[in-house]
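One line per chain: the protein sequences are A and B, in this order. For the first sequence, the positions run 2 to 718 when this note's numbering is used. For the second sequence, the positions run 97 to 596 when this note's numbering is used.
Hints listed in this document are in silico derivations from the structure and should not be mistaken for laboratory results. Note that the Cβ used here is the ideal one computed from N, Cα and C, for glycine as well. Careful, some of the hints might be misleading.
[As the list claims (entries may be wrong)] Computed far set for chain A versus chain B, every beta-carbon distance over 10 Å:
1. GLY32
2. THR208
3. ILE250
4. ARG276
5. LYS325
6. ASP339
7. GLY394
8. PRO422
9. VAL444
10. SER469
11. ARG566
12. THR575
13. GLN615
14. TRP706
15. SER710
[Unchecked claim] Stretches of chain A that chain B covers, calculated by requiring three or more beta carbons in the stretch to come under 8 Å of a beta carbon on chain B:
16. 79-88
17. 101-109
18. 123-137
19. 405-411
20. 638-652
21. 676-687
[Said to hold, decoys possible] Result set (DSSO-like, lysine-lysine): computed pairs, CA atoms no more than 27 Å apart in a straight line:
22. LYS223(B) <-> LYS652(A)
23. LYS617(A) <-> LYS411(B)
24. LYS327(A) <-> LYS351(A)
25. LYS578(A) <-> LYS411(B)
26. LYS446(A) <-> LYS589(A)
27. LYS489(A) <-> LYS558(A)
28. LYS489(A) <-> LYS453(B)
29. LYS357(A) <-> LYS303(A)
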Amino acid sequence: MLDQPAAQLPVSQRTNPERSFTEEVRALRLGDGEIFRGEGILAVTKAILQSGVAYVGGYQGAPVSHLVDVLVESQDLLDELGVHLETCTNESSAAALLGASINYPMRGCVTWKSIVGTNVAADALSNLASPGVIGGALIVVGEDYGEGASVIQERTQAYALKSSVWLMDPRPSLPTIVRCTEKAFELSEATNTPVMMELRIRACHVTGEFVARDNVPPAISRNHRLAEPAAHNYDRISHPPSTYAHEKIKVEVRQPAAERFIVEHGLNEHLSGERSDLGIIVQGGITNVLVRGLDRLEVEGKIPTLVLNVTHPLAPDQIADFCKGKRAVLIVEEGAPDYIEQAIHVILRKRDIDTKVYGKDVLSMAGEYTAEVVTEGLLKFFAQSANDIDLSGPRERFEAARAGRAEAQRLLGGPLPLRPPGFCVGCPERPVFSAIKLLEREVGKVHISSDIGCHSFATLAPFNLGNSILGFGMSLAAAGAVAPVMQKRTISVMGDGGFWHNGLLSGVASSMFNRGDRVLVIMQNGYTSATGAQFIPNTSGNRRDGETTSDIAATLKAMGVGWLRTIRTYNVGTMLKTLREAMSTDDKGLKVIVADGECQLARQRRIRPQVAAQLKRGERVVRTRYGVDDEVCTGDHSCIRLSGCPSLVVKPSPDPLRSDPVASVNNGCVGCGLCGEVADAAVLCPSFYKADIVQNATWWDRLKWRVRSKVIGAMAC
Amino acid sequence: MKPVTILIGALGGDGGGVLCDWIVSAAQSRGLAVQATQIPGVAQRTGATTYYVEVMPAGAATSSVLALNPAMGEVDVALATELLEAGRMIFNGFVTPDRTTLIASTHRVLAIGERMAMGDGSFDVGKLLRAVKERSREQILFDMDQAAEESGGVINAVLLGALAGSGKLPIPDSAFEAAIRHAGKSVDTNLAAFAFGRGHARGELEQAVREHRKRQTAVQGVEDLIERARRTYPATSLDVVEEGIRRLTAYQDRSYAALYLDRLDTIQALGAADLLREVARHLAVRMSFEDVIRVAQAKTSAERMARVRAEVRAKEQEPLEITEHFKPGIEEIAAVLPPALAQRLLAWGERSGSLGKTYFSMHVRTTTILGFARLRLVAGLRWWRPRTSRYVEERSEIERWLGQIRDAAPLSLDFAREIAESARLIKGYGDTHRRGLDNYRRIADEVIAPALAGRMTPRAAADAVASARVAALADPEGQSLSKTLAAIAAATPPMRQAAE
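Same shape as in the complex, but just chain A (with noise of 0.2 Å):
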């Protein structure tokens, strides 16, 4: 085995501290007055806090977790407030925190990634919707929609319909946002409905600035607490007979309360036009994209439109008293289904108007509406609904954009190359698909169930390895019915972060109760890294105190599994041999391998500021890297082909009489000895070196390379 690089340090010592939001946290003490700036989701954060919330949570996942970890750097200022903070460790029980606002006046706001963690959170979300709420409930939900997005493509609408939860879809602004998530607080109250606001991907990180006020303390919280708890009520459980009651409410009381809410309030922005026999009805969050369409077209400011910062519940009279006298009105509303459509042709088909309603006809079923759809769906509703508008300027100026990207891309021939996201440089779960890569050498193809988290990565080039993905902590629980009926045994793969959320249950629990004969590997880097590198269960550096609150291995002991391996992930032709054992075992029960390996970015965070103040001071430091001997490789590729490092590159052949290019490793190594390790345990080349270089060398180094340098120097061909 070779040596490997710097020492790494135990799961249960690894933290982040690089990571800092020094400014955010700057940013949420901003008082009466002062200007705030930032992104979108940083506003939400002062809004809650402006709207003296008691208690915060979620679970990470891009776009949101930024809410809760600025806050999680926040300590001192929730303690000045006594706001509770509660990194939850999955989105149900986040939901579940919100049921602190059944029974007592409390605010609360809790985050999570939409569609996903909604799914996740769904059976408390219906048990917390059913009795409602006392004090106001925000659920801030990251819809995870459209470019950039790495979830299944699903409206969280679908839930706030079912569940009866109002749900915001604020104008991309941040004085509309900030607005917004304040009027959710008392729409809330004022109809004892927990409410949600999805923002998308663009609108979490849009830059802007609005008129800041002082945070509030909350009435009840950490630093003001109950003597006694709330009187007993069986109104307020979720149990029959109150169930029956509840749907009721729901329909009779709290949808109505809700609906005037919203015009008493104005939550729903109508932008004037002259035009008043059209009209288009718009979500929030899809505004700016209509706008500067309109303005594309060069009728912006002439058509009336309804800005749908709450689109659910819609407001009946609202929309029947903007339809009214129309000749067609354009509904404007990403994703399917039509939901917001379905229910303006009901208010409009009850009430006899005749206005007619355009949507999904002219605009796109499925996928994101960028500048480009809804462009086009304005044209096409123009067309039909009002063609003493003229738009053959407009019309021509599209569709020479139209033509000038086919010419681009006959120019370019064809598709160009993907630059799909991978493994970072040194990443400790790449050694672990090189490993299973080389074991499919030997057994040929196996039954591999991937997961949510960095490792997904592998379903990728140049891996390829993985045949389904059920969601997060799911891969062993997928594999329940594959490996029965497969002559080779099923490895699924799966994160500390996965197996905290849902694989210890899901997976583990129900492979061991149902007796599986599974392989299981368990990424233990320390981090739900995919997400920004949060803390999980396994990580110390929880920001309370340094200490783990729960070990991985510990807990699958104490849950009975019996094949248990902790390899570290560097180390391929180990990680080979575990898994080989694995896969042919005579033990039938659960095999699980932790892979350990601390999550490189967080790693190289750490130490680089400690490396280079030991350099600042003068002391001996190695640094390692690796290379490749350009006069000995050949130009085959098999060790990109197998490893697929950022760091390991190609470069033109410096050999005359070669042409192809060959390997090279490039200045981003950070010297984590898989080329090394990846040539040896597939017997690939002799053309890998590692490198040490000493920095800072003391005398007796200097001495040594001298005289060697000399001899060697003197022996060379």
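Using the hints provided, position chain B relative to the given structure of chain A.
Just chain B, lined up with the frame of chain A:
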């Protein structure tokens, strides 16, 4: 009033987010309405991503509704930290000749699909540059990766400098520099990189293009051989032949280089200059086949240490430890034994099942005297090479290959050239070498031999060999090669029984 629209294409890790922050804070410091957004997703894990910024000119209402998505034909300035990403913005129709100023780095960071190819899989840079020139209004192009390196900073600061230098935003340089200072992270290097970028954008700085120089083998006492080559061969192939002579002398000795020329003479006799050049190139490579002796020679050559030091950026006074990774197996050992012994060893390996299983993992530190001496010893074995089984095997392979080229030439020079070119498949070590050699042999047996036996028209044969060679480089599992060979076989009439 219309906003200035800016689209940024970057790779995760290029600092596109920070670049956005700098632009935004610079605009805000001038009291301009500005809005930026991004779709980072998981791009920090090396994927491609984009950022979109809109800046209103001075005097515009700060309440104006700005867009969050770029639109085709409505981008004023496109920034790309890498050439393919510039191509991507063009491909998507955002960069247009009537409006867009394209500010892009000319360096390439190959995508995984390009890197993992078995040969050269990189996208045609010529196409990219042509699209850049034809599909944008103005271009500011230079190697920003190199500029970043020279300035000691990071590429996003260079790009910011280039943006400032372009003068496309109503924002003075001082505001951008203030933004960098305000951010407060590695201010000095970022300011230096900014200045570099601005200098290049304004044409005040020249950039020496990074050239990838080919390395000639250094060897003395071959003047007479080179003289002989110059007398016999056309000038068009001399550079290759001369390098062949030098390489083979260094690899083995003068007489081996002479053998090289003897073999070439038989090709020269065919009287086709370009065929000669191709064969000369491949023959030199084939004759300097990779065995442990050659690897030891390469690792102990006089120039290597300097090369490694430069590659790993070791400073003047910094001692360096090099650890080599070797893992010879039974085959590698057999390769340096005489044929008879080698056969016995391999036979034993076959029986004991240790062939392709047993390897000796060695990690030799060539910066220690003993470690270097060990390799130097192996390198010294080259006098013994002609007696090794590998040498004998390679000799017959080479003779067969040359023979086929000679037989093919009268039929069709294209056919002959394709045969010569197919030698390219044989490269590497261990499994890689075995796979390459097997593929080559399959083509030789299943395509070239039948073709020479007259069961294909020479033209068809040339195409068949070419397509088979491409297929062999398509996937390591050899699936496409099998498909292609099957297709070729189906297209050729069966061998007459009388043949044997």
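Q. Can you list which hints this structure breaks, lowest number first?
A. Violated hints: 2, 8, 14, 15, 16, 17, 18, 25; rest satisfied.
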